[in-house]
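Number of protein chains: 2
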Amino acid sequence: MTEEQVEKRDDNVVFIGKKPTIGYVLAVLTQLNQGVPEVLIKARGKQICKAVTVAELVRKRYLPEVQIKDIKIDTEELTTEDGKTVRVSAIEIVVGK
Amino acid sequence: MTEEQVEKRDDNVVFIGKKPTIGYVLAVLTQLNQGVPEVLIKARGKQICKAVTVAELVRKRYLPEVQIKDIKIDTEELTTEDGKTVRVSAIEIVVGK
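Protein sequences, first through last, are from chains A and B.
Position 72 (the first sequence) corresponds to 77 in our numbering; numbering is contiguous.
Position 47 (the second sequence) corresponds to 52 in our numbering; numbering is contiguous.
Hints were generated in silico from the structure; no laboratory data involved.
Certain hints may be false.
Same chains, same label: a pair holds when it works inside one copy or across any pair of copies.
What the hints assert, rightly or not - Below 30 Å or equal to it, Euclidean Cα-Cα: the simulated DSSO-like pairs (lysine-lysine) are:
no., residue 1, residue 2
1, K89, K65
2, K51, K77
3, K89, K102
4, K77, K89
In this text, all values refer to a predicted model and were calculated from it rather than measured experimentally.
Turn these sequences into a full structure, and let the hints guide you.
Here is the structure:
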């Protein structure tokens, strides 16, 4: 039940990690083709540039009708395993038709 | 004369390169403190995350009255030394009071 709710909530979010760029591009394309009106691409730290590339590939190479709806930047505080707080930059890019 | 014009044109632009982040933060702060209303932070490729950090440090740590005015992402085509064309993601962040 909880798992299903979490999955549903994250339906229109693609969190950029360390995997190759194309996988995240496909994740965004899949959601848009399934009828989700907008997808939120989120990334932190060094993955921010990958998030930008994912958004650019989606709209320039694969789905020309898709536009950048919103871009926000922020600073997030993370707690490391030894209890220290580190600040890391983050980006949120909303793409949609 | 031309050199002066170029300098004048680039007065409110900080291009993010490979140097440490703090240098670019200081460049933005200097321009804002000299009375420039808005500064354009530009970066390509892997420097994009540094551009986000520079903007975040300027507004969250040093000048709380500064806001993010605009964020744009784009794809730029560069020609390498051997004549190949490569595409690279780019970001432009406008910060101002």
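TODO: Could you work out which earlier hints the structure fails to respect and list their numbers in ascending sequence?
DONE: 3
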